[in-house]
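Chemist: What follows is the residue order along each chain.
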Amino acid sequence: MSGQGEMTVWEKSMSFVSTYVFSRDHKIIGLQFLFSTLLWFLVGGLLALGIRWQLAWPWSNMPVIGPMLFSAEGGQISPEFYTTLFTMHATVMIFFVIIPILAGAFGNYLIPLMIGADDMAFPTLNMLSYWLMWPAFLLIGASFFTAPYGAGGGWTSYPPLSAMVEAAPGSMSAQTLWLLGITFVGFSSMMGSVNYMTTIIQMRAPGMTMFRLPMTIWGMFITAILQAFALPVLTAAGVMQLTDRMFGTGFFIPENLVVNNSVAASGGGQPLLWQHLFWFYSHPAVYIMILPAMGMVSDMIACFARKPLFGYKPMVYSISGIAGLGFIVWGHHMFVSGMNPVLGMTFMVSTMMIALPSAVKTFNWLGTIWGSQIRFTTPMLFSLSFVAMFIIGGLSGIFMAATPVDIFIHDTYFIVAHFHYVLFAGTAMAVFGAIYFWFPKMFGRMMNETLGKIHFFLTFIFLNGTFYTMHILGAVGFPRRLADPYDYPTFAHLQPLNEFMTVCAILMVASQVFFAFNFIYSIFFGPAVGRNPWRCNGLEWTAPSPPGHGNFDFQPIVYRGPYEYGSPEADEDYYPQTEAPPKEAPVVAPAH
Amino acid sequence: MGRYWSMLFLLIPILGVLTFVCAIADIWPMNGGAFAFPRNHWLPENINDHGHVIDSLFTFILYLTGVIFIGTSSALFWFMWKYDADRNTQPIRYTHGSHNLEIIWSILPAAALLFIAIYQMNAWADAKLRRPTEVVANREVLQKPFVRVTGRQFEWRLRYAGEDGEIGTRDDVHLVNDLHVPLDKEVVIQIESEDVLHSFFLPNLRVKQDVVPGMTQFTWFRANKAGVYDIVCAELCGWGHYKMRGRMTVEPEDQFKQWLAQKFEEQEKSGTTPDSGE
Amino acid sequence: MTDHHDSAHDEQSHGSTGKFLTVFVGLLFLTAISFTVGNNEAIMSTPAIGWTIMMAVSCAKAMLVMLFFMHLKWEANWKYVLTIPASIMSIFLLLMLFPDIKNRTENYSNTRWLHAATPATDAHGGHSPAAEPAAAQEDATGH
Amino acid sequence: MSEHTHGSHDHHGHIELEYQPGLPINNGKVILWLFLSTEIMFFAGLIGTFIVLRYGAPAGTWPTPHDVHLKEYLGAINTFILICSSVSIVLAFEAAKANKSSQARWLMIVTFVLGCFFLGIKMYEYGQKFEHGIYPKKPHSMIYEKADLNYASAVRKRLATIVNDINAADAQQAGLAQEKATLATETETLNGVVENSSSDPQEVADAKTRLREIRQRVSEIESEESALIAGAEERAKHKEIAEPLLNHLARWTEVAAATQTDPNLRVGAIEILAYQIYPLHRDHDQVHLFLEEEAAAREAEKRELTDLVELLKTPVAEKDDVAEAQRAEQLAAAEARLAQIAGREQTLAAVNSLEHGLNDEHHWLMLPIKIPSGNMWASTYFLLTGFHAIHVIVGLIVFACILPLKLDRSRANMLENTGLYWHFVDLVWIFLFPMLYLF
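Protein chains in written order, with the working numbering: chain L, 106 to 697; chain W, 21 to 298; chain S, 24 to 166; chain V, 3 to 441.
Hints listed in this document are in silico derivations from the structure and should not be mistaken for laboratory results. It is possible that some hints are incorrect.
Stated by the list, open to error - Pairs of lysine-lysine residues, derived as BS3-like cross-links and limited to a Cα-Cα distance of at most 25 Å, are as follows:
| # | chain 1 | residue 1 | chain 2 | residue 2 |
| --- | --- | --- | --- | --- |
| 1 | V | K124 | V | K139 |
| 2 | V | K102 | V | K124 |
| 3 | W | K289 | W | K245 |
| 4 | V | K239 | V | K159 |
| 5 | S | K96 | S | K42 |
| 6 | L | K558 | W | K102 |
| 7 | V | K239 | S | K42 |
| 8 | W | K205 | W | K277 |
| 9 | W | K164 | S | K42 |
To be verified - Derived Cβ-Cβ restraints for the label pairs, each shown as a range:
| # | chain 1 | residue 1 | chain 2 | residue 2 | range |
| --- | --- | --- | --- | --- | --- |
| 10 | V | G388 | S | V48 | 23 to 33 Å |
| 11 | W | K263 | L | L230 | 44 to 54 Å |
| 12 | V | K131 | W | A131 | 50 to 60 Å |
| 13 | V | A232 | L | P274 | 56 to 66 Å |
Everything numeric in this text was worked out from a predicted model, so none of it was measured. Note that the Cβ used here is the ideal one computed from N, Cα and C, for glycine as well.
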C-alpha cells in the first residue's frame with residue numbers, strides 16, 4: 106500500500122484523456138476491456154447467426170441482417186463468405202470476447218481489489234496491454250472487410266490452406282492481416298499475464314496468504330500462468346506462418362505442392378508441425394477460457410448459498426491440476442490428423458485424466474449448495490446454470506477423449522456441441538452472472554433483477570435448444586464447416602433439425618436485448634447501493650462502490666479466508682475478510 | 021419464484037435424456053408438426069466389421085455419462101429445491117469440506133476414466149496401428165492397398181491397382197469421386213493429398229483419417245453390406261469444402277472386378293486418364 | 024533478508040570480480056571444447072556423439088551463466104518456482120515433437136520424393152522407396 | 003510461495019505490518035523472470051521447429067556450414083563477444099551496487115559496444131548469404147532441393163532473361179541514337195525554314211514550336227541515353243559471358259537431360275550445371291565423374307562427326323542433285339553440332355577454372371542454385387538468428403536508454419534486470435551457436 110501517497114498527487118493533474126482513455130487505473134482499463142469485448146460479443150453473435158442461417162436455409166437471402174452484414178453478397182451467403190463467417194465467429198469469440206472479458210475485464214478489475222492492492226504492479230504495462238488490443242481489433246476487423254473475402258482458414262488456420270496464398274484465393278491479404286492481429290493479441294495477453302502474476306505474487310494485502318485468496322483470483326492466477334507459458338509458442342508459430350505467406354520460407358509447406366494449378370514456393374516443411382505448436386497454445390487456451398469463470402462461479406455460489414465453499418483447497422489443487430495437465434493433452438485435437446498413432450495413446454490417457462479435476466470441482470459446487478440457504482438472485486441463477494451446463498460440456502468431452510470414438514465424431518457437430526456447452530453455456534453464462542454480481546461495485550448501482558431473470562430464463566431455454574440438438578447432429582456424423590451439407594444423402598434429412606436450432610439461436614441472440622437494455626439503463630438509472638449490497642466477504646466489497654483511485658480508503662488487513670459465511674464466530678451470516686476477530690489480537694499467519 | 025427455478029434445472033436431465041432416447045429409439049414426438057423431423061437421428065448404419073467396437077464404445081460412454089449426468093443434475097435440482105433460503109429455516113451446515121468425500125470422488129472417476137482409457141486402447145490400435153496383413157510366398161506382409169485416394173481441391177482422385185494389384189502400373193484405373201469396394205473383404209486404402217489438408221471420412225464405415233500433403237497414409241476396413249454410401253471431406257480445405265463429395269459403392273467382389281475391367285476398357289478407349297489433364 | 028535495502032538487497036556482495044572472471048574463463052574453455060568437437064572429423068563421423076557432447080557443453084555453459092551471472096546461486100527458493108515450470112514445459116514440448124519427426128521422411132509420399140532433397144551420393148533417385156518409381160515419374164511429369 | 007516476516011515497520015511508515023506477503027525481491031525482478039519464462043517458451047517453439055525440420059529432413063541432406071558459406075569462426079567470435087558482454091554487464095551491476103557510478107557507466111558502454119559488434123558480424127554474415135542467394139523468397143526461392151529438369155529450366159529462364167534484357171537495352175540505345183539522328187536532320191531542315199527570310203510567318207512560327215519540341219525530346223533522349231551508354235560496356239561484357247552460358251551450359255543441359263538415353267549422362271548433365279553455378283563440396287567427386295563421362299561421350303561423338311564430315315567432303319563420282327543436297331544438309335548439321343560441342347568445351351573449360359562457381363564469380367547472374375534442404379536451412383537459420391538479433395537490438399535500445407542515467411546504487415535494480423535480460427539473450431546464443439554452426 107505504499108503507493109497511496111503518490112497516487113493523490115498525480116490524480117489531481119490528470120486530464121479527461123488520462124483518466125478515461127489512456128488511463129493507468131486498473132478499474133478503468135478493466136471497464137475499457139469490458140465495453141470493447143461486449144461490443145465484439147454482439148459482432149460475434151451476429152456472425153454466428155449468419156452461420157446458422159446458412160445451415161438452416163442454405164443459399165437463401167438472409168432478411169434484415171443479411172444486406173447489412175454482407176451487402177456485397179446481396180444478402181446471400183457465398184461459400185467463400187461462409188468460410189470467412191465461421192473463421193471470424195471463432196476468432197472474435199475466442200480472442201476478442203472470452204479471453205479478454207475474463208482476463209482483461211474481470212482480471213483487471215478484480216485482481217487488485219480482491220487482493221487488497223491499490224493497483225496492478227505495473228500500471229503502464231497494464232494500459233499498454235489494453236491498447237495493444239486495438240491494433241488487433243483493427244487488423245482483424247480490416248481482414249474481415251478485405252476484398253475479396255476475409256480470412257477463411259478457420260480459427261485453427263491449418264496450413265497449407267492458410268500458409269499459401271494460392272490455396273485460398275478468397276483470403277489473399279486477409280489471412281496475413283489475421284495472423285498479424287493474432288500476434289498483437291499475443292503481445293497484449295503476454296503483457297497482461299506477467300503483470301497479473303507479479304501483482305498476485307507481490308501485491309497482496311497483509312494477511313492475504315495464497316490460501317486465503319478467493320477462487321476468482323486463483324482462476325486468474327492459473328490462467329495467467331497458462332497464458333504466459335503457452336502463448337509464446339503460438340506467437341512463434343504465427344510468425345512462421347506469416348513468413349511462409351510473405352517470404353516463401355515453407356515451414357509448414359511440403360515440397361513443390363501443386364495448389365490451384367500453380368506450384369507453390371519450394372518448401373520442405375511439415376503441416377503437422379503447425380498443429381502441434383498451435384494446439385500447444387490452444388489447448389491450454391480452452392482452460393484460459395474457463396478457469397476464471399470457474400473461480401467467479403465459486404465466489405458467487407458461496408455468496409448466495411450463504412455457506413463456505415465446499416473443499417476450498419481441493420478446488421485450488423484441481424484448477425492447478427487442470428493447468429498442469431492442460432499442457433500435456435494438446436494431442437487430442439490431432440487424433441486423426443496423421444500424427445503418430447502411438448502419441449495418440451499417450452495423449453488419450455492424459456486427456457482422460459484431465460476430466461478428473463473437473464469432476465472434483467463439480468462435486469464441490471454441489472457440496473457447497475448442499476445444506477445451504479440459497480438466494481435465487483440473477484447471478485446465482487447464472488452460476489448454477491454454469492454448473493449444470495458444465496456437467497454436460499464436461500461429460501461430452503469424454504466421448505472425444507476416447508480415441509476410437511473420436512475417429513467418428515472428430516470434426517462433427519458433436520465437437521461443436523461440446524465446446525459451445527463449455528464456452529457459451531459455461532463461460533458466457535458465468536460472465537453474465539459475474540456482470541450482474543460485480544455491476545454494483547463497478548458502477549455503484551444495481552441492475553434490475555426482474556429483467557435479469559427474464560434474460561436468464563430466455564437465454565437458458567434457447568441456448569439448450571440450440572446446442573443440445575448439436576449432439577444429435579454429431580451422432581449422425583454431421584461435419585462442421587460445410588456450407589451446404591444437404592447434398593450428402595447421409596445428412597440431407599437433418600435440415601429440419603437445423604432449422605429448429607437456427608430459430609432457437611435467433612431467439613437466443615434476441616433475448617440479449619434484455620441484458621443490453623438492463624446494462625445500459627442501470628449504469629445511469631439503477632438504484633444506488635452501498636459498499637456491500639450482496640453482503641459478501643471479499644475484500645472488494647469493503648471498498649467504496651465504485652472504488653476511487655487507490656481503491657481502498659483504509660489499509661485492508663486480512664484475517665481469514667473469503668468464504669466464512671454463516672460462521673458461528675460472526676454475529677451475522679457473513680464475516681468479511683478484513684473484520685478483526687473480536688477481542689483477540691490480530692491473528693497472524695504463521696511465518697516460515 | 022424462489023425454489024421454482026429448480027424446475028427449470030430439472031428440465032435439463034429430463035429433456036436431455038429424452039432427446040437421446042428419442043434419437044436412439046428413432047421416435048420423434050413432433051413428427052408431422054411444424055418441424056417435420058424425418059427419422060434416423062442416430063449413428064448412421066454401420067457397415068464395417070470393425071466399426072462395431074466404435075459404436076459399442078460410444079454407447080458405453082453414453083450410458084456411463086448418462087448415469088452421471090442424471091445423478092449430478094438431479095442432485096443439483098434437489099439441492100436447489102430443498103435449500104431455498106425462503107423455505108429452509110434450518111441453519112446452514114457450516115463445513116469447509118470433507119476430506120473423505122474428496123478422496124472418494126477423486127478416486128471413483130479416476131478409476132472409471134482409466135478404465136475407459138485402457139479399455140479402448142485395443143480398438144484404437146486396430147483402427148490406426150495394426151494394418152491387415154496377407155500371406156505372400158509364405159511370408160506375412162502388410163496388405164497392399166487396392167486403391168489410392170488422392171484429395172485435391174475439391175475432389176477425390178482414385179487410382180485403382182488394376183489386375184496386377186500394384187498401384188503405379190500401366191493397368192491402373194483412374195477415376196474421380198467414384199470409389200467401389202468389394203463386399204466382405206478386408207481392404208486397405210492408401211490416402212494422399214495433392215494440395216492442402218483434407219479428411220477422408222466414411223461415416224458408415226466409422227473411418228476418418230486426415231489427409232496430409234507429403235504423407236502417405238493407410239486406412240482399412242471390411243464392408244459387409246452392399247449399397248451406395250457417402251465419402252465426406254471432414255477437414256476444411258477451402259471455399260469448396262462442402263462440395264468435395266465422393267460416392268462409395270459396396271458390391272460383391274465379382275461385380276467389383278467386372279466393373280473395374282469395364283472402367284479399364286473405357287479408359288483404354290478414350291485414351292485419357294483423369295491425371296493427364298494437369 | 025529484509026527489504027530495507029531494496030536497491031542492493033544484499034550487503035555482502037556474493038559475486039566478486041574474481042569469481043566472474045573465473046566463470047568467464049570457464050565459458051571460453053567450454054566454447055573452445057564445442058568448437059573443437061564440431062570441427063573434429065573423427066568425432067563428427069558419428070554425429071550423435073558430437074551433438075551430445077556439444078549439447079552437454081551448452082547446458083553446462085547455460086548453468087554457469089544462470090548460476091553466476093544471473094545470480095541464481097545466491098537466490099532464495101523462489102528461483103525454483105520461477106524457472107522450473109518453464110524449463111519443464113519447454114522440454115516437454117520438444118520431446119512431444121520428436122515422435123512426429125520421422126513422419127516427415129518415413130511416411131513420405133512417393134510423389135514428394137521426386138521433389139525432396141536427396142543426398143548427393145544418390146543422384147539416381149535411389150533414395151525413394153522402390154515401390155513405385157514409375158508411378159512417381161508419371162505423376163511428376165504430369166505437373 | 004515464500005512468505006516472511008519482519009520486525010518493526012514498513013518503510014513508508016503507514017502502518018505497523020507484522021506480516022508481508024510476496025517474494026523478497028522487487029516487482030521488477032519478478033516480472034522480468036516471468037517474462038523470461040515466456041521467452042523460454044517462445045524460443046522452445048522456434049528451436050522445436052528447427053529440430054523437427056533438421057532431423058526430419060531426408061537423411062544426409064542437411065547443408066553443412068561449408069555448403070552455405072557459414073563460417074564457424076564467425077559464430078565462435080560472436081559467442082566470445084556475447085560472453086564478454088555478459089561479464090561486463092554483471093560487473094557493471096556490481097559496480098552500481100557498490101555505488102561506483104562512473105565505473106558502471108564505462109562497463110555499460112563496453113557492453114553496448116560489444117552488442118553492436120555482435121550485430122555487425124551478424125549483418126556481415128547475412129550480407130554473405132544474400133550475396134550468394136541463400137534466402138527464402140517468394141514465389142520461388144533461388145534455392146532448389148535437387149538438380150532436376152525444373153532446376154535446369156529455371157537456370158535457362160534466368161539466363162534468357164539476362165540476355166533478353168541486355169538485347170533490349172542495346173536495341174533501345176540504338177533506337178534512341180537513330181531517333182536522335184532523325185531529329186538532327188529535321189532540325190537542319192527546320193533551321194533552314196526559320197533562317198529563310200522569305201518563309202511564311204505562320205510556317206516559321208510552326209517550325210519554331212517544332213524546334214522547341216525537338217530540343218526537349220533531344221534532351222530527354224540524351225538523359226535516357228547517358229545511362230544506357232554508361233552501361234553499354236558492362237552490358238557487352240555481361241552478354242559475352244551470359245550468351246555462351248545460355249547456349250552451351252543451360253540449353254545444352256536441357257537438351258542432354260531430355261534426349262540422352264544413358265541415365266548417367268542424363269542425371270549428370272544437370273548435376274554438372276548445378277555444380278558450375280554453385281559447387282557443393284560434397285558433390286565434387288561425383289560431378290567430376292560425370293564430367294569425365296560426358297567428356298568421353300563428347301570425344302566419341304566428335305570423332306564420329308569428324309569422320310562423317312570427312313566422308314561427306316570426299317567428292318563422289320556420281321552426280322545426283324538430290325543426294326548432293328542431302329549431303330550438304332547433313333554436312334551443315336554435323337558442322338553445327340561440332341561447333342556446339344566446341345562451344346560446350348570452351349565454356350566448360352572457362353567455367354571449370356572458377357573456384358567458387360558462377361554465382362560467386364559473377365554476382366549479377368543470380369542463377370538458381372542447388373542446395374539439398376537449402377530452403378529449410380535458410381528458413382530456420384534466418385528465423386532463429388533473426389529473432390535472436392531482434393532481442394539483441396531490444397537489449398541495445400534498453401542500454402541506450404539507461405546509459406544517460408546516473409548508475410548508482412538506486413539504479414542497481416534496473417541494471418540487474420537489464421542484465422538478466424541480456425544474460426538470457428546470451429543463453430539463447432549458447433544453444434544456437436552449436437546448433438546452427440556446428441551440427
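Chemist: Does each hint hold? Answer for all of them.
Modeler: Hints and how they fare:
1. Between V:K124 and V:K139, the direct Cα distance comes to roughly 20 Å. Compliance with the 25 Å bound is thereby established for this hinted pair.
2. A threshold of 25 Å between alpha carbons decides the hint, and for V:K102 with V:K124 the separation of about 33 Å lies outside it, so the pair is violated.
3. Simply put, W:K289 and W:K245 have alpha-carbon atoms about 32 Å apart, too far for the 25 Å limit, and the pair is violated.
4. For the given pair, V:K239 sits about 20 Å from V:K159 by alpha-carbon distance, which is consistent with the 25 Å threshold.
5. Between S:K96 and S:K42, the direct Cα distance comes to roughly 13 Å. Compliance with the 25 Å bound is thereby established for this hinted pair.
6. In summary, the hint linking L:K558 to W:K102 is supported, as the alpha carbons are separated by about 20 Å, within the 25 Å threshold.
7. A hinted pair counts as satisfied when its Cα atoms are at most 25 Å apart, and V:K239 with S:K42 does not qualify at roughly 62 Å.
8. A distance of roughly 13 Å separates the Cα atoms of W:K205 and W:K277; the hinted pair therefore holds under the 25 Å criterion.
9. Of the supplied pair hints, the one linking W:K164 and S:K42 is violated, its CA atoms being roughly 67 Å apart against a limit of 25 Å.
10. The supplied range of 23 to 33 Å is met by V:G388 and S:V48, whose beta-carbon atoms lie about 31 Å from each other.
11. Taking the beta carbon of each, W:K263 and L:L230 are about 49 Å apart, inside 44 to 54 Å as hinted.
12. Range check, V:K131 to W:A131: Cβ separation about 58 Å, and the 50 to 60 Å hint holds.
13. Checked against the hint of 56 to 66 Å, the C-beta distance between V:A232 and L:P274 comes to roughly 44 Å, which is inconsistent with it.
Consistency note: the structure conflicts with the earlier hints numbered 2, 3, 7, 9, 13.
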